[in-house]
Amino acid sequence: MAKTTPTFEEALSQLETLAEQIENGQISLEESITKYEQGMKLVTQCRGILSKAEQRIQKLQPESNASPDAPTQT
Amino acid sequence: MTRGMPLRPEHQATSGSPAGNVRQERLLSVSILTAMVKNALADTLPTKVHVIGQLSNFKRHGSGHLYFTLKDDSSELSCVMWRSGASRLKFEPENGTEVIASGNIDVFERAGRYQLYTSKLEPRGVGALELAFRQLRDKLEAQGLFDPKHKKPLQPYPEQIAVVTSATGAAVSDITQTLGRRYPSARILLCPVAVQGDAAAAQIAGTLADLNRRRGELGGIDLIIVGRGGGSLEDLWAFNEEAVARAIFASSIPVISAVGHEVDVSISDLVADLRAATPTAAAELAAPDRQEVLSLIDRHEATLVRSMGHRLDMGKLQLESAHRRRAFAEPTGIIDRRMMTVDELASRLASQVPHRLGQAHDHLRRAERLLLKIQPHSYAMRMDHRISDIQTRLRWAVAHRVSIAVRLTEGTASKLILASPIHRVARSVARIEQLDRRLDSQTTILIQRQQDRIESNAARLSALGCRSTLRRGYSITRVKKGKMLVSDPNTLRDGEILVTETADGDFESRVVNQKQMELFD
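Going line by line, the protein sequences match chains U and V.
The numbering of the first sequence is the numbering used here, which starts it at 10 and goes up by one.
The numbering of the second sequence is the numbering used here, which starts it at 1374 and goes up by one.
The set of hints was computed from the structure by calculation and includes no laboratory data.
What you are looking at is a predicted structure, and each value in this text was computed from that prediction instead of being measured.
Certain hints may be false.
As the list claims (entries may be wrong) - Every beta carbon over 10 Å from chain U, so not counted as near; a handful from chain V, in silico:
1. Gly1485
2. Glu1532
3. Leu1552
4. Gly1553
5. Arg1587
6. Leu1647
7. Glu1674
8. Arg1710
9. Ser1751
10. Arg1766
11. Ala1786
12. Asp1825
13. Ser1835
14. Phe1880
As the list claims (entries may be wrong) - Cut-off 30 Å, straight-line C-alpha distance, at most; resulting in silico cross-link-like pairs (DSSO-like, lysine-lysine):
15. U/Lys50 / V/Lys1856
16. U/Lys50 / U/Lys61
17. V/Lys1525 / U/Lys68
18. V/Lys1524 / V/Lys1512
19. V/Lys1524 / V/Lys1493
20. V/Lys1493 / V/Lys1463
21. V/Lys1493 / V/Lys1421
22. V/Lys1411 / U/Lys44
23. V/Lys1432 / V/Lys1512
24. V/Lys1463 / V/Lys1421
25. V/Lys1444 / V/Lys1411
26. U/Lys68 / V/Lys1524
Just so it is clear, CB atoms sit at the ideal spot from N, CA and C, and this is done for glycine as well.
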């Protein structure tokens, strides 16, 4: 699932790139508008990830029985 | 040593002893003297001594016992350390090290030598652990485990952080609280291990290896924090073990090491990709503060809005300036300018036409002159001559070719006639006739020869027949010419030569008078 949706880091760096591209003014106005819209979407997305998150803590479970190299199971 | 012996030698005056003039004393065996020394030492020295000296002649025997010498500027002391004590050593003794050796002095009777039986050996100035730490640090450093080039960069926004520490210590709560406050987006995977005691190092190293191996199965791990809270050097010792150092070095997941307090530096700290002074500090290094990230997002958003606005303003300006341009401001201007161009072109055209006409005229005139020079009549005459010349040559050539052809044909025809069957038959007949003639003449010649032979043989036969008659005085007369026998004189002519045969030879005679002979008859 990490593969299909961009990670937070990816989203953030994408946002940064978009902002820079519009700032440079080297792209057409039409492109700027498209990128602006993309950027704003990413802003909402990133903020959402950060604000909604509640800490999740898990404990490392011993390896399952299916694992071929779990010496304690044999 | 079996007998109780007086320690004071007894003085006895004896005469005639082999020692001669030596003062008379009691004779002692080596064993007894050695025992006396041993006892004297045991009586006078404390049971445990601590000796400072420099290690030398250090030898680890196959049995596990250690043999070495302690020395200072002026003296040396033999030392031995049994295997049981040697196995508890926290550092690797090296020649030249200043050490404090603790133990008891005793005499090794067999060698006649006193030795320090060492129960504890510590490097002087630093504790054994301290020395061990330095030794392992030096070794790993030499192997490049601390090299900055091996340090992996940390992911700036980790999604899952594994925390390898005691389940009960302060470290785990420090880390989870700090992360929860600063960056709750990161998931935390707690990996409880013993952080002190004999099993600690193996557990820590094993867990680090597990996390790397099961990384995918565990949903991806971006960072490992390994460590514990403060304690004595012994308490922190697991983090100075080689196994832990190797496991941290082998980890493909970045590792932050956080052991003890600010002042404590462990081997783990040195190998790890990042060292944190405390577990709390590790949590702060592990992830950014959410507020900071939010303000970064705000900044990006502001940049987006600002530069978009700027871009739009720029577009508007461009539009306005375009609108203000002459094309839009005075649209007829363009048409006027185009008209001017057309006019100009027309006038250039007008000036060009007469010039071109003049040029054409010149051309025409030149062509006319050339044409006149050629004189068509003489040209026709020349052509006529050439044609008739060609005609004549053509006729000659044809006649020549025809005559060649005729000759060729005649030759072929005569060859053909010669080859015809009639001729061949005639030739054959002629040949047969010729052969026939040759046969005839040959036969005649052959017959004549045979006749001649027969005649001459007959003549010789008849001659032989009359030989006996000749002996009796008879003779045979023949005409010399023709060999005809003369039997009738009337056949002879005057002057004819005759040959007469007698028994003993021939003679010739001439007919003188044929008539006379008649008369004679």
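Inset, instruction - Compute the least Cβ-Cβ separation between arginine 1766 of chain V and chain U, then decide whether it is above 10 Å. - result: Holds, since 87 Å exceeds 10 Å.
Legend entry - Pair hint outcome, lysine 1525 of chain V versus lysine 68 of chain U [Cα-Cα no greater than 30 Å]: Within the cut-off at roughly 25 Å; holds.
Legend entry - Hinted pair lysine 1463 of chain V and lysine 1421 of chain V, Cα distance within 30 Å: 21 Å, holds
Inset, instruction - Check the non-interface label on aspartate 1825 of chain V: least C-beta distance to chain U beyond 10 Å or not. - result: Given that every Cβ of chain U is farther than 10 Å from that of aspartate 1825 of chain V, nearest at about 144 Å, it holds.
Legend entry - Pairwise hint evaluation, lysine 1512 of chain V against lysine 1524 of chain V, where the allowed Cα distance is 30 Å at most: 18 Å, holds
Inset, instruction - Given the hint that lysine 1493 of chain V pairs with lysine 1421 of chain V, test it: the Cα-Cα distance must not exceed 30 Å. - result: 11 Å, holds
Legend entry - Pair hint outcome, lysine 1524 of chain V versus lysine 1493 of chain V [Cα-Cα no greater than 30 Å]: Since the Cα atoms of lysine 1524 of chain V and lysine 1493 of chain V sit roughly 40 Å apart, the hinted pair is violated (cutoff 30 Å).
Inset, instruction - Take the C-alpha atoms of lysine 1444 of chain V and lysine 1411 of chain V, compute the straight-line distance between them, and say whether it is at most 30 Å. - result: 22 Å, holds
Legend entry - Holds or violated: lysine 50 of chain U to lysine 1856 of chain V, with C-alpha atoms at most 30 Å apart: 173 Å, violated
Legend entry - Proposed proximity, lysine 1463 of chain V with lysine 1493 of chain V (alpha carbon, max 30 Å): It holds: about 11 Å lies between the C-alpha atoms, which stays within 30 Å.
Inset, instruction - Starting from lysine 1411 of chain V, check that the Cα of lysine 44 of chain U is at most 30 Å away, please. - result: Between lysine 1411 of chain V and lysine 44 of chain U the Cα gap is close to 96 Å, so the pair fails against 30 Å, i.e. violated.
Legend entry - Pair hint lysine 68 of chain U and lysine 1524 of chain V, alpha-carbon separation not exceeding 30 Å: 27 Å, holds
When the structure is compared with the earlier hints, violations turn up for hints 2, 3, 4, 5, 7, 15, 19 and 22 and for no others.
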